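Put together the whole structure using the sequences plus the hints.
Going down the list, the protein sequences come from chains S and D. Mapping the first sequence onto numbering that gives the first Met the number 0, position 157 (from 1) lands on 156, and the numbers just tick up by one. Mapping the second sequence onto numbering that gives the first Met the number 0, position 338 (from 1) lands on 337, and the numbers just tick up by one.
Because the hints were derived from the structure by calculation, they are not lab data. The structure displayed is predicted, hence computed values, not measured ones. Quick reminder that beta carbons are idealized off the backbone N, C-alpha and C, glycines included. Treat the hints loosely; a few may be bogus.
As the list claims (entries may be wrong) - In silico DSS-like links for lysine-lysine, alpha-carbon gap of 30 Å or less:
id, chain 1, residue 1, chain 2, residue 2
1, D, K215, S, K105
2, S, K105, D, K387
3, S, K105, D, K145
4, D, K174, S, K105
5, D, K215, S, K304
Stated by the list, open to error - Just a few of them, taken from the derived set where beta-carbon distance is under 10 Å, the chain D residues facing chain S:
id, residue
6, V206
7, W239
8, G240
9, G274
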Amino acid sequence: MEVLLVSLLNGLVYGMLLFMLASGLTLIFSMMGVLNFAHASMYMLGAYFAYSVSRVIGFWPALVLAPILCGALGALIEMYALRRVHRNGHIAELLFTVGLAFIIEKGVQMAWGLLAVPYRVPPVLDRALFHIYGSNFHAYRGFMLLISVLMFVAIWLLLTRTRIGLVIQAALTHPEMVGALGHNVPRVFTIVFAGGSVLAGLAGVIGGNYLVTEPSMAATMGPIVFVVVVFGGLGSLAGCFIASLIMGLVQTFAVVVDVSFADLLARLGIQVTASTPLAEVLTIPLPRVGALLPYLMLILVLLIKPRGLMGTRDT
Amino acid sequence: MRQLKRLICLLLAGVLTLWTGIGTVGAQQGTIKVMYTDPLSGPFAQVGDQNLQQFKYILDYINGRGGAVGRKFELVSFDNKSQPSEALLALKSATDQNMPVIMQCSGSNIAAALIEGVDKHNERNPNNRIVYVNCGAVATELTNEKCSYWHFRMDAHVGMKAETMVRALPKDVTKVYLLNQDYLFGQSVQHDVKAFLAKLRPDVKVVGDELIPLGKVKDFSPYITKIKAAGAQALLTGNWGPDMTLLIKSGMDSGLDIRYYTMYAHLGGGATAIGPAGNGKVRSVMAFHENIAVETGKTDTEGWTKQFRSSHDFDFYAAGFRTIFEFLQAAMNKAGSADPVKFAAALEGLTITDMLGHQVTMRKADHQILSEYFVGVFSKGVKYDSEKTGLGWKTETTVLPKDLDQPNTCNMKRPS
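Okay, here's the thing in structure tokens:
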């Protein structure tokens with residue numbers, strides 16, 4: 000019970016961090032069809048911007064400024080580069096973002112160095128919020144939960160209660176029709192790309208000091224975010240939200256559930272010994288492969304339900 | 000008049016070219032060239048870059064003290080991008096230029112390729128041999144099953160580091176948790192730590208033993224929950240990079256108040272990532288930290304590393320690198336030659352005094368260095384802090400070279 004509850008909390012916090020990252024990507028991906036490989040780079044830039052800004056004027060202004068900087072950069076990228084590449088189709092866009100990711104990584108290395116930077120949790124949040132079965136629940140993790148929930152609500156309201164939100168939503172499902180109705184689709188694209196970058200930047204501000212701010216953070220966070228987006232389904236923010244939570248919880252529980260296939264077979268009365276075929280594979284405990292489960296789930300979902308969990312369009 | 004001016008200019012330029020040309024040629028023939036290959040680009044560029052800067056500092060010192068056999072050492076670097084094939088290109092380039100030494104520090108897979116490459120080359124080219132100095136590839140096999148006469152390992156191997164870690168466990172710690180990365184290195188740490196626990200500390204119980212996928216885990220809090228539930232008093236890990244820093248950060252955030260024993264927390268970026276929360280909790284198995292000289296009163300060494308601090312933006316950690324060049328210097332001077340055949344023979348079994356005043360030996364049987372090793376604890380109130388965090392390393396355990404004289408299975412073929 001104790002482990003269950005703590006793990007539930009752990010999974011929730013991690014899942015919400017994933018959601019912050021994935022929500023921006025899912026918006027960009029669904030709307031523009033751009034599989035934005037540079038999305039995790041925006042997350043990294045958010046963390047680095049926050050580090051630099053917080054050194055001068057503190058963490059709280061950085062919480063606002065860093066995502067705005069990321070958004071501005073995203074808007075510039077969309078207006079002056081991506082829009083040109085867009086004419087040449089999705090493959091060109093994808094390659095463009097791959098190149099961009101490399102350039103951002105190199106740029107970060109040149110600007111901030113190859114080592115991790117001391118971007119720290121603000122002192123007011125650097126304490127235990129409450130104790131649960133002798134473990135601290137760190138105040139900053141509570142803060143992360145709060146921010147991500149606020150973000151979810153804000154996006155939800157923006158998409159369902161505002162005019163631009165309605166246009167975006169329409170474009171999510173019927174992008175051609177929206178253009179035909181006379182909306183300024185390029186501007187909507189810019190807004191979506193900038194908005195997605197803001198969300199990634201915010202995730203960076205929050206995640207950078209919770210995890211570690213270093214030049215490889217984009218490369219390590221990138222793959223899992225794609226998994227979440229594809230798993231959740233194209234064009235569905237709710238699907239993305241649910242997928243994030245599932246990924247967070249699956250990875251968390253995989254660690255604490257110490258079983259292997261051999262244990263399952265033993266329950267069925269089949270004993271696995273060293274001479275059993277594939278004994279090596281069968282006896283691998285779940286925690287050892289826990290971090291790979293999302294990728295396994297990605298493959299399964301693509302095979303069984305290619306549209307993803309709640310997807311409304313084909314990938 | 001104008002023509003005269005032109006003539007003078009031409010003459011001057013000619014003389015200048017000639018003079019500089021002769022200068023470089025002379026210098027090239029005069030120096031003892033050492034090929035250094037490590038990742039200098041890509042995700043591990045930081046390691047190679049910091050090593051290179053420390054090597055340069057050390058060479059200035061060694062060359063200032065006469066180099067070897069009246070010649071100065073010169074370092075030539077070659078980016079191997081963490082690829083064995085690229086490292087072999089470095090070897091080719093070194094042998095083409097008749098360099099006597101090739102040096103490589105990161106990656107046991109690269110080291111294995113180099114040992115093989117050097118062996119083959121030396122067998123085929125008896126007049127152009129090369130010595131391979133391994134400055135940090137730590138797989139135990141390299142000086143056991145795979146040992147070679149031309150390979151000299153100037154760093155403790157995994158087994159020695161594991162033994163140092165186990166020896167540092169205080170008497171009141173009886174429950175430990177092992178967590179390592181699921182690949183060759185992590186598995187050898189896991190295996191060796193368990194072996195030395197059984198041998199040296201039979202009273203210690205392993206309450207958890209875990210392997211994690213390399214570089215895939217972002218959130219370590221579930222592991223922390225497990226470690227806590229297992230009632231461990233100490234966490235023993237060979238993790239490096241984000242797998243180490245994220246693990247420790249997560250433990251600090253959850254208030255898991257145990258001893259953290261690592262092998263790499265003292266290397267570049269570790270102190271920054273762990274931060275003040277690690278005070279008195281995080282330990283690392285290491286060959287050197289800047290406060291050892293202070294603790295043992297070696298003022299000359301302290302002054303030397305202090306000078307490095309003042310001119311670089313990171314701390315000096317590579318005392319072993321200075322030992323390498325002191326070994327090469329001593330062996331070449333003893334042999335009276337920079338010819339690999341001659342100084343390799345002189346290097347075998349050689350004992351010198353390192354910068355901390357300990358007697359270190361290049362064991363003849365397997366070409367494994369026997370040097371002192373330390374376990375430091377990350378603490379406040381030390382004279383030299385790490386990476387400007389205000390915290391630095393304080394020695395908790397010192398293991399002498401004689402205590403790390405582990406048996407080996409090397410069956411070395413010596414050139415006849």
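Against the structure, the hints come out as follows:
1. Simply put, D:K215 and S:K105 have alpha-carbon atoms about 22 Å apart, close enough for the 30 Å limit, and the pair holds.
2. A threshold of 30 Å between alpha carbons decides the hint, and for S:K105 with D:K387 the separation of about 24 Å falls inside it, so the pair holds.
3. At most 30 Å may separate the alpha-carbon atoms for a hinted pair to count; S:K105 and D:K145 exceed this at roughly 38 Å.
4. Between D:K174 and S:K105, the direct Cα distance comes to roughly 44 Å. Violation of the 30 Å bound is thereby established for this hinted pair.
5. For the hint linking D:K215 to S:K304, the alpha-carbon distance of about 26 Å falls within 30 Å, and the restraint holds.
6. About 13 Å separates the beta-carbon of D:V206 from the nearest beta-carbon of chain S, more than 10 Å, and the hint is not met.
7. With its C-beta approaching chain S no nearer than about 13 Å, D:W239 sits outside the 10 Å limit, and its interface hint is violated.
8. For D:G240, the suggested interface contact is upheld, since its CB lies about 8 Å from the closest CB of chain S, less than 10 Å.
9. Given hint, D:G274 at the interface with chain S, holds; its Cβ is 6 Å from that chain's nearest Cβ, closer than 10 Å.
Comparing the model with each earlier hint shows violations of hints 3, 4, 6 and 7; every other hint is respected.
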